Structure formats: structure tokens, C-alpha cells
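*Asks:* Please construct the entire structure, taking both the sequences and the accompanying hints into account.
Chains as they are written, first to last, in my numbering: chain V, 1 to 114; chain U, 115 to 227.
You may find that some hints are simply not true.
Said to hold, decoys possible - Some chain U residues close to chain V (C-beta under 10 Å, calculated; not the full set):
no., residue
1, A195
2, Y213
3, P215
These aren't lab readings, by the way, just hints derived from the structure by calculation.
On a predicted model such as this, the values are computed, not experimentally measured, just so you know.
Ideal Cβ positions, reconstructed from N, Cα and C, are used throughout, including at glycine.
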Amino acid sequence: AQTVTQSQPEMSVQEAETVTLSCTYDTSESDYYLFWYKQPPSRQMILVIRQEAYKQQNATENRFSVNFQKAAKSFSLKISDSQLGDAAMYFCAYRRKRDDKIIFGKGTRLHILP
Amino acid sequence: DVKVTQSSRYLVKRTGEKVFLECVQDMDHENMFWYRQDPGLGLRLIYFSYDVKMKEKGDIPEGYSVSREKKERFSLILESASTNQTSMYLCASSAGGGYQPQHFGDGTRLSIL
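*Replies:* Listed below in C-alpha cells is the structure:
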């Protein structure tokens, strides 16, 4: 069975600094998709970034980038120049290609220190 | 922009009641999902649906059922509510294809007394 593990339940970072959230997953599939979602306090969950497993190049979206290590089954999220609005719960998610079932990690709560 | 609307933001019900949570999406998405979110447990999939009148069990379907009579609407039903079903419930929808992201509603915080 597929699993997604986020080993850091909570993290803090100083405003303007860089922080990396870790995510590992377990699967026997070779083709799949990975996502990071953000859930700000009392607000809607939104997509931050996504990666297709067959693409070796790491995805980037402005200040957000990933370090995708397929062999290690690792998918970490790097946030550069952290801003107060980045404070949220971040969820890593895995979706296999052959169906649309998605599995979420337990989340990492990120605090931004002014 | 995709809009996923959940009928209630907060809901309080009593043990044994039959509870309906409604979700509507406006982007003609094929897929719809119901999750429950609990502290320390992340999001757990209850049920999902690939098409009208189709449903698949997720990881924790016990005590729940779903209905999808129209493409835009996906209802979660608690047949006989119990206190251990007190939780945040999130609805999501997505277009077909695994690379398509899920779009979430605001959530319904359900309390069973």
C-alpha cells in the first residue's frame, strides 16, 4: 500500500529565510504524481506545486521549488524568502497514474517568525 | 476559477441523527472526493466518485455513504451520527487525469453531541 510520510509535524522559520519541508513516500508504481498543498489557518486548501514522476527536472513556482529524488522516494518542498503569508499547514500528496486516488501525508505546520 | 461550495461551514447534530453534507462544484469536473481531517491524522479519504452514480470506497468508509445524482453535486451521508464522527469534512473536485490538482471547498466543521 502506498504511504506518504511527513516527518516534521511542526517547523518555524524566520521571515525572509529559506525553509525545507520533507516528504517521503512508499510505492511500487513507476509512474505517478506528487503534490504539495497549503492550508492557511481557517482557509481553503490550495495547490502549491506539482511534479510528474517521469520528469527528472524539479518543478518550481516562484519562491517554491521541490527536490524530487525518485530513487530515494523523496519529495521535499523548499520555500525561499519566507513571508508571513506562508504560515500554514502543508500537505504532501501522492497520486498514482492508473486511478485518481490521492494519498495525503499528515501535514507539517509551518510558522513564520517576524 | 473553480469553485467548490460546501453547504455549511459549521454544523451541530445529535447522536443517532442522519446527517447530510452537500458539496457542489461549478467546473464540470468528473471526479469528486470527501475527506475528513483530524489533527495529527491529516486528510483521510472517505469516498470518491469518478462519474454520476458511481462511487468508490476510500480508506475510512464505515458509517458513511454518498450520493452523486448529478455531476456537480456530491453528498456525504452519516447514516446514524456518532460522537467519533465529530471532525472537519472537506470536499474536493478535479478534472480527469492524475496530473490535475484537486480543488477544495472551505470545509464543514461537524460536531456530534
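*Asks:* For every hint, state whether the structure bears it out.
*Replies:* Hint check:
{"no.": "1", "hint": "A195", "in the structure": "24 Å, violated"}
{"no.": "2", "hint": "Y213", "in the structure": "5 Å, holds"}
{"no.": "3", "hint": "P215", "in the structure": "4 Å, holds"}
Violation of the numbered hints given earlier is confined to hint 1; every other hint is satisfied by the structure.
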